[in-house]
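Taken in sequence, the protein lines are chains A and B. Heads up, the final residue of the first sequence is numbered 341 in our numbering, and it's a clean run with no missing numbers. Heads up, the final residue of the second sequence is numbered 757 in our numbering, and it's a clean run with no missing numbers.
Keep in mind that the hints were calculated from the coordinates and are not lab data. It cannot be assumed that every hint is accurate.
Not everything, but these chain A residues come out facing chain B in the computed CB check (under 8 Å) [stated by the list, open to error]:
#, residue
1, Cys21
2, Leu27
3, Ser292
4, Val321
5, Asp322
6, Gly328
Owing to the predicted nature of the structure, the values given are computational and were not obtained by experimental measurement. We treat Cβ as the ideally placed atom computed from N, Cα and C, and that holds for glycine.
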Amino acid sequence: MKLKFNPFVLLSIVLFTFFSCEKPESLYKQPTIPQGLQTQTFAMGETYSNQLWFDFETQKTTVNTYGNWDIAFSCQNEPSVVICGGKNSNFTVAEFENVNFKDIDASYLTAAKWKFDQPSGKIDSSAFGRCFNKVVDGYEGKSAIYVLDLGEDSLKSFRYIKIQFIGVKGGAYQFKWGYVNVPALTYLTQMVTDPSKNYVYYSFSKKDVVENEPVASEDWDLVFTTYKESVNDPNGVPYNYIIRGALANLKTISIAQIDKGIAYEACDKTFALQQKFRNNADEIGYDWKEYSQSIGKYAIVPNRYYIIKTATNDYFKLKFVDFYDDQGRKGYPKMAWQILP
Amino acid sequence: MKKLLFIFFILLNIGFSKAQSTERVLLVVDQQNQPLVNFEIELQFLDPSGKVLHSQLSSTDNDGQITTNSTLPISIHINKDLGKFENPTRSPWLNTEKELKIQLITEINRINPVSITGSLSPRLATQNPYSVEVISQKTIALMGAQNLTEVLQNQSNIQLSQDPVLGSSIQLQGLGGQNVKILVNSVPMIGRMNGNLDISQIPMNNVERIEIIEGPMSAVYGSDAIGGVVNIITKKPISNVNRVQTNSYIDGVGNTNIDANFQLGNLSKKSRIGLVCDMGRQFFGGTDFDPSTRSADWKPKTKLFGSIGLNYQLKKSNHLLRYSAFHEKITDRSDAEFNLITVTGYNNYFNTYRNDFLLLSDFTLNKRNKLQFQNSFNTYKRKKTMVRRNLVEGTEILTRGEDQDTTTNYQANFRGFWSYQSANKKIDWLTGYEGQYESIQTKRVTKRDGIFDMGIFSTADINLSPKVQLKPSVRFVYNNQFGTNPLPGILSNGFKIAPIIPSLQLKFNATKHLAIRGSYARGFRAPNIKELYFMFVDINHNVQGNQLLTTETAHNFIGSIDYRHNINNISAVTFKLSYFENFVTNQIQLALVDNKSNLYQYINIGKMNSQGVNSQIEYFYNQLQIKLSSSWINNESLSDDGSNWKKWTVVQTGLNLMYTFQKPKVSLQWFSRYTGKNYGFEETGKPFEIAPYFIADMSMSVPLLNEHILIQAGCKNIFGVTQVLSSASTGSVHNNGNGNLNIANGRNLFVSIKINL
Numbered sequence: 001m002k003l004k005f006n007p008f009v010l011l012s013i014v015l016f017t018f019f020s021c022e023k024p025e026s027l028y029k030q031p032t033i034p035q036g037l038q039t040q041t042f043a044m045g046e047t048y049s050n051q052l053w054f055d056f057e058t059q060k061t062t063v064n065t066y067g068n069w070d071i072a073f074s075c076q077n078e079p080s081v082v083i084c085g086g087k088n089s090n091f092t093v094a095e096f097e098n099v100n101f102k103d104i105d106a107s108y109l110t111a112a113k114w115k116f117d118q119p120s121g122k123i124d125s126s127a128f129g130r131c132f133n134k135v136v137d138g139y140e141g142k143s144a145i146y147v148l149d150l151g152e153d154s155l156k157s158f159r160y161i162k163i164q165f166i167g168v169k170g171g172a173y174q175f176k177w178g179y180v181n182v183p184a185l186t187y188l189t190q191m192v193t194d195p196s197k198n199y200v201y202y203s204f205s206k207k208d209v210v211e212n213e214p215v216a217s218e219d220w221d222l223v224f225t226t227y228k229e230s231v232n233d234p235n236g237v238p239y240n241y242i243i244r245g246a247l248a249n250l251k252t253i254s255i256a257q258i259d260k261g262i263a264y265e266a267c268d269k270t271f272a273l274q275q276k277f278r279n280n281a282d283e284i285g286y287d288w289k290e291y292s293q294s295i296g297k298y299a300i301v302p303n304r305y306y307i308i309k310t311a312t313n314d315y316f317k318l319k320f321v322d323f324y325d326d327q328g329r330k331g332y333p334k335m336a337w338q339i340l341p
Numbered sequence: 001m002k003k004l005l006f007i008f009f010i011l012l013n014i015g016f017s018k019a020q021s022t023e024r025v026l027l028v029v030d031q032q033n034q035p036l037v038n039f040e041i042e043l044q045f046l047d048p049s050g051k052v053l054h055s056q057l058s059s060t061d062n063d064g065q066i067t068t069n070s071t072l073p074i075s076i077h078i079n080k081d082l083g084k085f086e087n088p089t090r091s092p093w094l095n096t097e098k099e100l101k102i103q104l105i106t107e108i109n110r111i112n113p114v115s116i117t118g119s120l121s122p123r124l125a126t127q128n129p130y131s132v133e134v135i136s137q138k139t140i141a142l143m144g145a146q147n148l149t150e151v152l153q154n155q156s157n158i159q160l161s162q163d164p165v166l167g168s169s170i171q172l173q174g175l176g177g178q179n180v181k182i183l184v185n186s187v188p189m190i191g192r193m194n195g196n197l198d199i200s201q202i203p204m205n206n207v208e209r210i211e212i213i214e215g216p217m218s219a220v221y222g223s224d225a226i227g228g229v230v231n232i233i234t235k236k237p238i239s240n241v242n243r244v245q246t247n248s249y250i251d252g253v254g255n256t257n258i259d260a261n262f263q264l265g266n267l268s269k270k271s272r273i274g275l276v277c278d279m280g281r282q283f284f285g286g287t288d289f290d291p292s293t294r295s296a297d298w299k300p301k302t303k304l305f306g307s308i309g310l311n312y313q314l315k316k317s318n319h320l321l322r323y324s325a326f327h328e329k330i331t332d333r334s335d336a337e338f339n340l341i342t343v344t345g346y347n348n349y350f351n352t353y354r355n356d357f358l359l360l361s362d363f364t365l366n367k368r369n370k371l372q373f374q375n376s377f378n379t380y381k382r383k384k385t386m387v388r389r390n391l392v393e394g395t396e397i398l399t400r401g402e403d404q405d406t407t408t409n410y411q412a413n414f415r416g417f418w419s420y421q422s423a424n425k426k427i428d429w430l431t432g433y434e435g436q437y438e439s440i441q442t443k444r445v446t447k448r449d450g451i452f453d454m455g456i457f458s459t460a461d462i463n464l465s466p467k468v469q470l471k472p473s474v475r476f477v478y479n480n481q482f483g484t485n486p487l488p489g490i491l492s493n494g495f496k497i498a499p500i501i502p503s504l505q506l507k508f509n510a511t512k513h514l515a516i517r518g519s520y521a522r523g524f525r526a527p528n529i530k531e532l533y534f535m536f537v538d539i540n541h542n543v544q545g546n547q548l549l550t551t552e553t554a555h556n557f558i559g560s561i562d563y564r565h566n567i568n569n570i571s572a573v574t575f576k577l578s579y580f581e582n583f584v585t586n587q588i589q590l591a592l593v594d595n596k597s598n599l600y601q602y603i604n605i606g607k608m609n610s611q612g613v614n615s616q617i618e619y620f621y622n623q624l625q626i627k628l629s630s631s632w633i634n635n636e637s638l639s640d641d642g643s644n645w646k647k648w649t650v651v652q653t654g655l656n657l658m659y660t661f662q663k664p665k666v667s668l669q670w671f672s673r674y675t676g677k678n679y680g681f682e683e684t685g686k687p688f689e690i691a692p693y694f695i696a697d698m699s700m701s702v703p704l705l706n707e708h709i710l711i712q713a714g715c716k717n718i719f720g721v722t723q724v725l726s727s728a729s730t731g732s733v734h735n736n737g738n739g740n741l742n743i744a745n746g747r748n749l750f751v752s753i754k755i756n757l
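Chain A with its partners taken away, still in its complex shape (with noise of 0.2 Å):
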């Protein structure tokens, strides 16, 4: 048979096939935005060096350099003692117990239990725990002497500090500290607290106060900032892992974590209310984004809000919306919240 060519068949087909391409994309309805929202972005930029301090009555937000700490002591109630912020890469402390201050040297290393401090702000999950005993006319520092690993980023010599609190007296915390590697160099310093601020800053390389908290601790509510924080690597060893995130101040706010139930825009003071206020500091944390091995971004969790409880029983509801800006830099954490009246 002879074959009769017919240009429109194969016309026909070739534009049938050219023509098949990737459908635009429909477009989403736009979200009724509920009454009252407000939002904000914290710019702490993409190397996160900003941290920014908010509060939700006055709505102000402050500013300041991620601070260049090792040691933090606490102004409030109970003495106690953080090292999960600051620059160091490392937060872990050893405890030795009956052993001179002098007798630590390197040789302790290798027997040494690390311990991490936790975000929470509890004293009994602090690498250093209850290291003060209540006396008379104010605290005593226990007899234990602590070994704090500032990481693999300091120099060898410096990397280890030996530490042992004397006492707090009079609103000063007093300790005794020295670099394990180097056992010539000993130090004794008191660190004047402030009664207007959650901690007061100490950094073991100026051997000086450091100002990491720019306002009064009444004046605000959240901070966001960089922080650390143990996980178990597949073996089960735990290692630092740095983190970003949105920590509270836990004498303004107390916070509630909602991922089921009833979503944002239906949640109403009747469901807060029923809620369990939680007074951790990390309550908030980091984890209302999550990284999409997918995209290569963060995303935000779905359906995680919280709902914020004031020191004046007010009640907010609050959803993170977005980690990045309009150019897609992360570090931008976009918060909205809505008062529940």
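The hints should help you fit chain B onto chain A, whose structure is shown.
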């Protein structure tokens, strides 16, 4: 003096013989215009009335030639199982014609196909001392395969991994990624992402055949050929054959493809120049198993490709100039983020561009000496563009510079061969050189100048007896990054010799139908630029190359038996059983080397062993073809310090059925493969299981209008496999992390129309 006189007498005699020669030459070539070596032809010598006086079974020499001094007309006959005439040939071969060229279609040679990988001229696969699997153009067409992935997924000895963005990668003999060499017309393909080449970027529209060699071919093909070689041979112009072909394909999961190719065997009647040209477009709209999400499980893709080849044929030489171009665009969407105020999302656009130039020249110096020069230049560019999209307004903003990435990869490869066949045809010697310069430019690779690799190799087919064939090979390698100075203090410190790569292959023809093969081969792989100089350190990542890496080396042992028997005119059977052992040392892998700093680095991990058995039985009866194959592969890897030991086993079986009715000439095909429980490894090294699955395709081909039109329709993935359970705790970079692994995009009805004009 007597000796000198004797030599003079001999030379004189030869000269006289030449002067008086009545030599006539029959040249036998394949579809590619390549001489067929050792190809059996029956010559029937005729008297003037056409009566057969006698017949003779001859085989072609190294140039694909048979020489005769007969002055009689000769009728030429070919065993129909070995091939058929491509173009009409006058018969008989008249005694007035000094030369005659015949061109054969050899793919109908169903139990003994022709292959070229590892040698200079096409030869029957059974004549190789190594085992070559050939997938013919016809089989590719019957599969309805659109790209190389769809072809190889029906091979039981190959494991496939698929990533929606990075594409498909393969494993041979338990070794994958960098350890499998993919060649297009014997030129290494470039553009590895995460060590793997995306074989779905190789369209099948212009492919003549695919050849697969398991086991190291490092002696001939250099680095990256530890696991094996896959060589894709594209169509070349055929003398005196003009052809126009269009293919269109549409299926139920959103593929719409079209391509066309045409060839002019000779641009004009007297011209020796042939032209072949092809172009095509493949479009895939994407598949999403969960329509409520914005991201697609299989990403939308558009591919555009084309090539042009010019063939210039002279009496003693042949020259092919080929250029091919390829572009692929993949759209990867994130899930939508509903953030109370608006709805946003991210789009990643991955654009891949390939340009390949090839100049291939063959020279026939004389009956026993041939030269081939192959020069190629390849470019690869992959551009990732990320935009943030306002899904309510439809606007897009390019995100920060750090999210955008362009990887450019260049390769210049030049190879030269000299092939020599001894007068008694007992030795075929192939000696050659290969130089390769490769550079990669991406913002995450700190080194800008490339790696130069030079090899000199030699291999010989030695016919010790009609039954025993030996093939020793050796390659000397110079690499400007690796190796040791052989004469320290004498040679400059920069002079380094990489490992010497030997191999030895042995074939024993136990009977007319049974061949036993055994081989030892050394393989090696030099670390690539990325493994050496990668640097991706930011607040979330700490992935670094390692300039202290050393070369991967391997010892490979293969033993096989190969039985092929044309039982009678209508039935034939083949059976192949092979066992292999691979011992790889210094295998390079990306590993988490420091928890505290979250440092991932390329390291030589220690030992990796794999062993396995492949078996295949094929039965032909009339127009029925049944192929049953299976493979069992056991893998073990062990760190140098013995701390990280992994062991996993993979079993695969395949069943292919093909039947062609005589009238009407309708063909039915069934291709199926079962993949047993498989294993993968998370970045932390933790193993995870992947559940078994079974994939089967069925189709029917109907030729119309004297085979000018071929309509094919069928169903791919009849059982609708989409995802299988995986125990991975996290998804891969481009996969979901919901415990499922994407395998295929579901049951898929397809229709294709091929028009041959």
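Non-conforming hints, listed in increasing numerical order: none
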